[in-house]
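Trainee: From first to last, the protein sequence lines stand for chains G and U.
Okay, so the first sequence: first residue is 20 according to my numbering, each after it adds one.
Okay, so the second sequence: first residue is 7 according to my numbering, each after it adds one.
Calculated from the structure, these hints are not laboratory results.
Here a beta-carbon is modelled for each residue, glycine too, at the ideal position from N, C-alpha and C.
Hints are all accurate, no fakes.
Calculated from the model, a selection of chain U residues having no Cβ within reach of chain G, i.e. all distances over 12 Å:
no., residue
1, A35
2, T37
3, S40
4, G209
5, P243
6, R266
7, R267
Below, a sample of chain G positions facing chain U; criterion: calculated Cβ distance under 8 Å:
no., residue
8, A190
9, V201
10, D202
11, A208
12, V211
13, P258
14, A261
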Amino acid sequence: MPVELSVLLKIADTTPPLSWNPLDDLAAMLQYEFMVHAFQAGTVVAVVAGVIGYFVVVRGTSFAAHALSHIGFAGATGAVAIGLSPVVGLLVFTVGSGAAIGALGSRIRGRDVTIGIVLAWTLGLGVLFISLYTGYATEAYALLFGEILGISDRDVQFVVVAAVPTLLALAALYRPLLFSSVDENLAAARGVPVTALSIAFMVVLALAVTEAVQVVGVLLIFALIVTPAATAVRLTQRPAAAIAAAAGLALLFTWAGLAIAFYSPHPVSFFITSLAFGTYLAVRLAGLARRYVRTSRSSWRKLTSPRMPSAPSSGSS
Amino acid sequence: MAAGVQVSPLTVAGPAAVAAAGLAVGYGARTIWSGATFSVPAGAFAAVLGPNGAGKSTLLRLLLGLQQPAAGGLEVLGRRPRRGSPLIGYVPQGVTFDAEFSIRGADFVGLGLDGHRWGMPLPGWTRADRGEAIAAAIEAVGAQAYAGRPMGQLSGGEQQRLLLAQALVGRPRILLLDEPLSNLDVRNQAAIVGLIGEVARVGGLTVVMVAHDVNPLLPLLDLVVYVARGRVAAGAPGEIITSESLSRIYSAPVEVIRDRRGRVFVVGLDEEVAHPHAG
Chain G
20 MPVELSVLLK IADTTPPLSW NPLDDLAAML QYEFMVHAFQ AGTVVAVVAG
70 VIGYFVVVRG TSFAAHALSH IGFAGATGAV AIGLSPVVGL LVFTVGSGAA
120 IGALGSRIRG RDVTIGIVLA WTLGLGVLFI SLYTGYATEA YALLFGEILG
170 ISDRDVQFVV VAAVPTLLAL AALYRPLLFS SVDENLAAAR GVPVTALSIA
220 FMVVLALAVT EAVQVVGVLL IFALIVTPAA TAVRLTQRPA AAIAAAAGLA
270 LLFTWAGLAI AFYSPHPVSF FITSLAFGTY LAVRLAGLAR RYVRTSRSSW
320 RKLTSPRMPS APSSGSS
Chain U
7 MAAGVQVSPL TVAGPAAVAA AGLAVGYGAR TIWSGATFSV PAGAFAAVLG
57 PNGAGKSTLL RLLLGLQQPA AGGLEVLGRR PRRGSPLIGY VPQGVTFDAE
107 FSIRGADFVG LGLDGHRWGM PLPGWTRADR GEAIAAAIEA VGAQAYAGRP
157 MGQLSGGEQQ RLLLAQALVG RPRILLLDEP LSNLDVRNQA AIVGLIGEVA
207 RVGGLTVVMV AHDVNPLLPL LDLVVYVARG RVAAGAPGEI ITSESLSRIY
257 SAPVEVIRDR RGRVFVVGLD EEVAHPHAG
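So that you can see chain G by itself, here it is in the shape it has in the complex (with noise of 0.2 Å):
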């Protein structure tokens, strides 16, 4: 969308020098509309995406969340074609493929290459929709990678409005979803209904990705939703804490990515997925470090020791 390229350009001509006082910095920030619904929206979705991304990585679902975006893509594509706005079109892909996917319930193990085949054939239907609108390159672009800086007035009320009832029915949903990612033959017998409430998790997922989309796009859905949240199960046990400290990477990454962005020429996205990739990274070498650091430290007292400790209680299968 042009807007973008104007936005950009207008930053890159009257941003202010950075002053190191982050609350120059940010005032200075916010005195750009753009940047107002950029911070608005993106706090919303990094909320959502935080939370819901927790229960999609402990149900193993990550592909679906990223089959999903691209769907969307071709819905979106598809509605600008036809003259609509490209929300329309991402809501009713992903809530109609999300449903679809649910459906398959547990049996979505092992079907990664029929939703790869499908998602592949999605992109090239958008790709095509795209092409039949013989109009802007940026809005396949913006749908692509992301486009926080050109959100409207409205794409802020519509994510706020969709965060609240993603929100809620993962309250409500907690326990169960929890349950049956274990097992769900267990689920089942003590009286959860397994199919019905996978298909419930991918429908809000749907709207989680709608909303995620408008920030960092199809390509990079990952970021916002599966990163933080495979960082924060490494961080905390506790689904209560990992859910918050999920939501809290989110929130910084994309807080972090807009003010880096504005004092730089390089897009937010770039810096919303660096940051979110550099911290699971860090977190992953230091898991790394601290159990080597357990197993030398283990090995030195078994030398040490006069004796061999007799078996343990139980041991591995």
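Chain G is already provided as a structure; the job is to place chain U on it using the hints.
Mentor: Relative to the frame of chain G, chain U by itself:
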């Protein structure tokens, strides 16, 4: 109807926890087994034995109300099986937690208590003794030392203990266990069998356990439910697991071999139905 379905007088003393009469099950037009008439007395330890694919787990699915019988009657604690019954504790077959599975043991046990309920386990919304119930179940299986660690980082034996705690936490009357020993080494198998026997004795629970190998269970076993070749036979282990009895029930030459250490091998129903995994 299978012959030899008499239950020994010793084991029919109490009221039945499970009672099947002419029970049959199938998927669509295909019948898996039929003519099952047996009862498991309350407080008994029953093993469901038979070759792979004979329909042992299907019997548990019927008891759980996850599947409906094709014919016949089935009662669990005097009622038709109902999905989600709090009177049944269940450990499914082959539950594996990959290394990435980050939920802690204690939280997992908590899911066994109220994981089927909607909403979040906020203080005030859950039963007041939730914490105590979880702690008691963890203590009953001796998992206190590692219940705070993520399930994915525990050994097979530790995971199996917490699966059992999850089944016990709701204070059920019946435990349904589907091959809980299958991924364990011999030492852990013996420990888990001993543990199941102990919690069942203390709580007065009825145990119905699907097993691949009868040998680790022999000291505890009251009843054998044998599922093979479309038929189900039940009785005391000494009556059912003999060459004569199995050959008669299945109209085929079945041989039961006992070695010097008292271990049982059944030959002829498939290649070798019950075999110890190690010496």
